[in-house]
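Got chain A sorted already, so can you dock chain B onto it with the hints?
Chains as they are written, first to last, in this note's numbering: chain A, 16 to 447; chain B, 16 to 447.
There's no promise every hint is true.
All copies of an identical chain are treated as equivalent in the list; a pair is satisfied when it fits inside any one copy or across any two copies.
[Unchecked claim] Cut-off 25 Å, straight-line C-alpha distance, at most; resulting in silico cross-link-like pairs (SDA-like, lysine to any residue):
no.	residue 1	residue 2
1	LYS417	SER80
2	LYS50	ARG237
3	LYS38	LEU20
4	LYS192	THR137
Don't read these hints as lab results, they were simulated from the structure. Just so you know, these numbers come straight off a predicted model, no measurement behind them.
Listed below are the residues making up each chain.
2 protein chains.
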Amino acid sequence: MAVWLEQAGDDFEARFAAFLTTKREVSEDVNATVKAIIDDVRARGDAALAEYSLKFDGLDFATTSMRVTQAEIDAAFASVSPELIDALRLAAERIERHHARQMPKDDIYEDAIGVGLGSRWTAIDAVGLYVPGGTASYPSSVLMNAVPARVAGVPRVVMVVPAQGGAINPTVLAAAKIGGVTEIYRIGGAQAVAALAYGTETIAPVAKIVGPGNAYVAAAKRQVFGTVGIDMIAGPSEVLVIADKDNNPDWIAADLLAQAEHDRGAQSILITDDAAFARSVETAVERQLNTLTRAETAAASWQDFGALIIVPDLNAAVPLANRIAAEHLELAVADPDALMAGIRNAGAIFIGRHTPEVIGDYVGGSNHVLPTARSARFSSGLSVLDFVKRTSILRLGPEQLKQLAPAAIALATSEGLDAHARSVAIRLNLED
Amino acid sequence: MAVWLEQAGDDFEARFAAFLTTKREVSEDVNATVKAIIDDVRARGDAALAEYSLKFDGLDFATTSMRVTQAEIDAAFASVSPELIDALRLAAERIERHHARQMPKDDIYEDAIGVGLGSRWTAIDAVGLYVPGGTASYPSSVLMNAVPARVAGVPRVVMVVPAQGGAINPTVLAAAKIGGVTEIYRIGGAQAVAALAYGTETIAPVAKIVGPGNAYVAAAKRQVFGTVGIDMIAGPSEVLVIADKDNNPDWIAADLLAQAEHDRGAQSILITDDAAFARSVETAVERQLNTLTRAETAAASWQDFGALIIVPDLNAAVPLANRIAAEHLELAVADPDALMAGIRNAGAIFIGRHTPEVIGDYVGGSNHVLPTARSARFSSGLSVLDFVKRTSILRLGPEQLKQLAPAAIALATSEGLDAHARSVAIRLNLED
Chain A
16 MAVWLEQAGD DFEARFAAFL TTKREVSEDV NATVKAIIDD VRARGDAALA EYSLKFDGLD
76 FATTSMRVTQ AEIDAAFASV SPELIDALRL AAERIERHHA RQMPKDDIYE DAIGVGLGSR
136 WTAIDAVGLY VPGGTASYPS SVLMNAVPAR VAGVPRVVMV VPAQGGAINP TVLAAAKIGG
196 VTEIYRIGGA QAVAALAYGT ETIAPVAKIV GPGNAYVAAA KRQVFGTVGI DMIAGPSEVL
256 VIADKDNNPD WIAADLLAQA EHDRGAQSIL ITDDAAFARS VETAVERQLN TLTRAETAAA
316 SWQDFGALII VPDLNAAVPL ANRIAAEHLE LAVADPDALM AGIRNAGAIF IGRHTPEVIG
376 DYVGGSNHVL PTARSARFSS GLSVLDFVKR TSILRLGPEQ LKQLAPAAIA LATSEGLDAH
436 ARSVAIRLNL ED
Chain B
16 MAVWLEQAGD DFEARFAAFL TTKREVSEDV NATVKAIIDD VRARGDAALA EYSLKFDGLD
76 FATTSMRVTQ AEIDAAFASV SPELIDALRL AAERIERHHA RQMPKDDIYE DAIGVGLGSR
136 WTAIDAVGLY VPGGTASYPS SVLMNAVPAR VAGVPRVVMV VPAQGGAINP TVLAAAKIGG
196 VTEIYRIGGA QAVAALAYGT ETIAPVAKIV GPGNAYVAAA KRQVFGTVGI DMIAGPSEVL
256 VIADKDNNPD WIAADLLAQA EHDRGAQSIL ITDDAAFARS VETAVERQLN TLTRAETAAA
316 SWQDFGALII VPDLNAAVPL ANRIAAEHLE LAVADPDALM AGIRNAGAIF IGRHTPEVIG
376 DYVGGSNHVL PTARSARFSS GLSVLDFVKR TSILRLGPEQ LKQLAPAAIA LATSEGLDAH
436 ARSVAIRLNL ED
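This is chain A alone, in the form it adopts within the complex:
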């Protein structure tokens, strides 16, 4: 099933390097289709949205409103079991408390020569949140995107969600209510992204669009980038578990399968220093696989992209983990802190035997939107920082200008920029 790699083997480096660059996604080229849809929504606004919704979602805006009403949201909320509402509330509260600590502070100060400098943070004015329809419509993702926006102070959080025949998963609407979403429209696909970016008669434009989606949504986000901001384009999920032999193989197998069941392109990797333990985990994976509703997806992921890597000792796992730069990294070992000190590249680290990654998906408080496909080498998970922006501040008086002017003029002159030099020089003889 999964690939088996032993670091002691001769060809390990070559096989590991090849494993690292295995593509797990076929990127469909839908750019031309998407461009036509975006152009159409820009040109015709609501009328275009109505046509696409009729065509793709079987939804007639002549009889169903594009905007989901407060009464609909409240009714959906009331239809969700109290147990699930409590779970959503617990998750939202924990996400809110953790993300509140991420809010950056303004830093306005005067330096030694009296120059005023600073960084001032403000919330983005309006954010769009794309929520996929069907089975990929996850209430937990609504919370993970909406709550940090609310914490950042974004006044408008606009959710779009495609609604086949008008129906939206009531738990998604309940999550939107709990997460502080301020407007919801039942539109999806590239047309929804276009509406958020450019606005229509009904939908005022936003300044940034976040949230996962299919190939059309991802292509649309790339195309509107610049007009609005976008979050990362997430790839299939992945977990790396570093485990010693003292783990219950069934626990580790369950963790590997929790990734694999997401998507055929998901990836689950175990690194251990004990080949017998790896075999036990492999056996447990195969046994548990059969019991899953999404067995077919999980089996495909495990077969195509799963890996069991045997290292001579656990310290050797650290440089491999840094090269893999996993979205999720579990450290199920006796002394996780010793390993953690050496980890540089990981979206999130789950420490010890009682921190399955799944806790982070729902109720840990940290964000489950994390960098995939080795991008943890250069990027971070979603946070409050994604919903704010920083303005630099500079303030000089005549004295400070006099002190800094010669250097500025020298640099401007060396760069051949006369007007730059003059803009400073002209102020040196006149003070008010």
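Then chain B, alone, in the frame of chain A:
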């Protein structure tokens, strides 16, 4: 010359909205050419680089080394005037001191129920810095990109710069030395971006690429995005000056021209409450224009994209400024703080009559790489944050897992993810 807009006029809103969406760049479609170059560098490495450098830069790597040697860097440094070296050093020191304050702090804590949570920041392992050749080769930009990377703790900062016939601007090399660049290669264009992203025999790959470049470089950065991180793709520069009538029109004209001389697509806007003052500034711009080395560029920018906007009172400038979301905003008014409180969207704010934007280009200490083309609505200037990434940390013991498990299982079950639910549930009956 520049457009004249009076808010008191009937058609102001329509004209202002049109003005806001004026495109200032023709984006050349070079994607196919760039893709071929990138594929070639991936396939053939150094050999491909050598061919492109011979073809585009007239540079033969058989006789000139691709890597710029330390002796060459030292010789370049020695050839630059002491006055200019001092200016570079002053700039670098001020940039370093300001950016050091931006370094985010780790936040590792335990919450009320004993769950360990945290954010840990680490520097990116290696960063590539693209520096354009020819007249767009600005030593100040080398400092603005390299110093924050050094402050962040990035161990490898790899500069690439095209060198027509082998020559590199000595001031650029001096800035690289002062800014802490660790490797320099005389390559440019899409091929240099490909080499940084994928590596060659000579150049080890980096994890992120920053710095400005022409259409080929911009397209290459977009194409390698995902394999590596990239910074924003900067558009033409822009300044918005909000000024009252008590300014010297010549000072304000010089500031407007300092933007205009950058690029034919640059934009300079004045908002004032005094039409006579605006006329005086316009006259001063026309007078100063003739004296500039780059008069042709500045004149084209001012004619095509310059604007003078007259508002009934200065408070009315604030909402317009937020819609323009300028890269640079000067507040040359008697009470700048009153206006500043209302500004939400701006890359950088320059406060008062003695803070020309040019100071921020060179020696203010803040970064001159700032969001253009209204992207200050959703993004920020370059900072130390662009050179670090955050890893989330989660740590539960058996007790914490027991407390959070029911909600996690309820949410996983509602999302139809069996293995997610099992990964938590399986740990509830066994504790070690």
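| message | Tell me the hint numbers this structure goes against, listed in increasing order. | response | Hint 1 alone not satisfied by this model.
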